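A.B. asks: These protein sequences, in sequence, are chains A and B.
If you number the first sequence the way my numbering does, the last residue is 109 and the count never jumps.
If you number the second sequence the way my numbering does, the last residue is 113 and the count never jumps.
If you are wondering where the hints come from, they were derived from the structure by calculation, not from laboratory data.
Predicted model, so just to flag it, every value in this text is computed and none were measured.
Positions of the beta carbon are idealized from the N, C-alpha and C atoms, including for glycine.
Treat the hints with caution; some may be incorrect.
[Unchecked claim] Taking lysine-lysine and the DSS-like style, the derived pairs with C-alpha atoms no more than 27 Å apart in a straight line are:
1. A:Lys56 to A:Lys42
2. B:Lys44 to B:Lys27
3. A:Lys2 to A:Lys56
4. B:Lys44 to B:Lys97
5. B:Lys97 to A:Lys42
6. B:Lys62 to A:Lys56
7. A:Lys67 to A:Lys56
8. B:Lys97 to A:Lys67
9. A:Lys70 to B:Lys44
10. A:Lys108 to A:Lys2
11. B:Lys27 to B:Lys71
12. A:Lys70 to A:Lys2
13. A:Lys42 to B:Lys44
14. B:Lys51 to B:Lys71
15. A:Lys2 to B:Lys27
16. A:Lys42 to A:Lys2
17. A:Lys67 to B:Lys44
18. B:Lys44 to B:Lys62
19. B:Lys27 to A:Lys42
20. B:Lys51 to B:Lys62
21. B:Lys71 to B:Lys97
22. B:Lys44 to B:Lys71
23. B:Lys97 to B:Lys51
24. A:Lys108 to A:Lys42
25. A:Lys2 to B:Lys44
[Stated by the list, open to error] Among the chain B residues that face chain A by a calculated CB cut under 8 Å, a handful are:
26. Pro8
27. Tyr48
28. Glu52
29. Gln102
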Amino acid sequence: QKEVEQDPGPLSVPEGAIVSLNCTYSNSAFQYFMWYRQYSRKGPELLMYTYSSGNKEDGRFTAQVDKSSKYISLFIRDSQPSDSATYLCAREYGNKLVFGAGTILRVKS
Amino acid sequence: NAGVMQNPRHLVRRRGQEARLRCSPMKGHSHVYWYRQLPEEGLKFMVYLQKENIIDESGMPKERFSAEFPKEGPSILRIQQVVRGDSAAYFCASSPKFGFPQHFGDGTRLSIL
Chain A
1 QKEVEQDPGP LSVPEGAIVS LNCTYSNSAF QYFMWYRQYS RKGPELLMYT YSSGNKEDGR
61 FTAQVDKSSK YISLFIRDSQ PSDSATYLCA REYGNKLVFG AGTILRVKS
Chain B
1 NAGVMQNPRH LVRRRGQEAR LRCSPMKGHS HVYWYRQLPE EGLKFMVYLQ KENIIDESGM
61 PKERFSAEFP KEGPSILRIQ QVVRGDSAAY FCASSPKFGF PQHFGDGTRL SIL
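So here's chain A without its partners, still in its complex pose (with noise of 0.2 Å):
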């Protein structure tokens, strides 16, 4: 079983609607969990982090962790043609990071 799971996509919907992208984990230690956004030969770009369980907001992007099911959600509001990239779902495991495989998503006007 792998680290972190992360349905790899694609997922196409139209501009201003929220999208849903999910991640789930197998190890409970550990307490950060990330998510990145790479656009395509980028680098991956962090949007956000939070701790342990519950939500956290910035603008359009609300990121979400429920420990009690290791389900780690991030949720993207009135989405726009610029949100089309790779969204990864990572957690710390000590020093580093683990990785899911990363879901596309694409935005259509």
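Got chain A; can you put chain B on it based on the hints?
C.D. replies: Only chain B this time, still in chain A's reference frame:
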């Protein structure tokens, strides 16, 4: 732009040659991490370094790969006697303190002929 700088952006090598990838961390960051992204796979941790010290190299292949972060200058990821399977995007990240948040550079794309 004071972000993580990686060079070269693209590197082409023939089988058996050496590849040297360089990474300058963000200003004020003293922790450097290298990750590899193979086609159709996620990012995989390779090594974690602080100035003049390798802290965790648990993700490094046992042979041909080495990394350093000298007191002066960028961090270097070195791959000796490259093979086709080394073709990948290599990303460097840095953080101001142990672990996170980690900020990434735009990577070096290594192609082996």
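A.B. asks: With reference to the structure, classify each hint as holding or not holding.
C.D. replies: Tested hints:
1. A:Lys56 to A:Lys42: 26 Å, holds
2. B:Lys44 to B:Lys27: Between lysine 44 (chain B) and lysine 27 (chain B) the Cα gap is close to 24 Å, so the pair holds against 27 Å.
3. A:Lys2 to A:Lys56: Satisfied, since the Cα-Cα distance of roughly 26 Å is no more than 27 Å.
4. B:Lys44 to B:Lys97: 20 Å, holds
5. B:Lys97 to A:Lys42: Distance of about 24 Å is within 27 Å: holds.
6. B:Lys62 to A:Lys56: 40 Å, violated
7. A:Lys67 to A:Lys56: Holds: lysine 67 (chain A) and lysine 56 (chain A) sit about 14 Å apart, inside 27 Å.
8. B:Lys97 to A:Lys67: OK: lysine 97 (chain B) and lysine 67 (chain A) at ~25 Å, within 27 Å.
9. A:Lys70 to B:Lys44: 21 Å, holds
10. A:Lys108 to A:Lys2: 31 Å, violated
11. B:Lys27 to B:Lys71: 14 Å, holds
12. A:Lys70 to A:Lys2: 13 Å, holds
13. A:Lys42 to B:Lys44: Distance of about 16 Å is within 27 Å: holds.
14. B:Lys51 to B:Lys71: 6 Å, holds
15. A:Lys2 to B:Lys27: Judged against 27 Å, a Cα distance of about 34 Å means the pair is violated.
16. A:Lys42 to A:Lys2: The given pair, whose Cα atoms are some 25 Å apart, holds under the 27 Å limit.
17. A:Lys67 to B:Lys44: 23 Å, holds
18. B:Lys44 to B:Lys62: 15 Å, holds
19. B:Lys27 to A:Lys42: Distance of about 20 Å is within 27 Å: holds.
20. B:Lys51 to B:Lys62: 22 Å, holds
21. B:Lys71 to B:Lys97: 17 Å, holds
22. B:Lys44 to B:Lys71: Measuring from Cα to Cα gives roughly 26 Å; hence the hint holds.
23. B:Lys97 to B:Lys51: 12 Å, holds
24. A:Lys108 to A:Lys42: This hinted pair holds, its Cα atoms lying about 21 Å apart.
25. A:Lys2 to B:Lys44: 12 Å, holds
26. Pro8: Violated: closest Cβ of chain A sits about 14 Å from proline 8 (chain B), beyond 8 Å.
27. Tyr48: Hint on tyrosine 48 (chain B): holds, closest Cβ of chain A at ~5 Å, below 8 Å.
28. Glu52: 17 Å, violated
29. Gln102: 6 Å, holds
In summary, the structure is inconsistent with hints 6, 10, 15, 26, 28 from the numbered list given earlier, while agreeing with the others.
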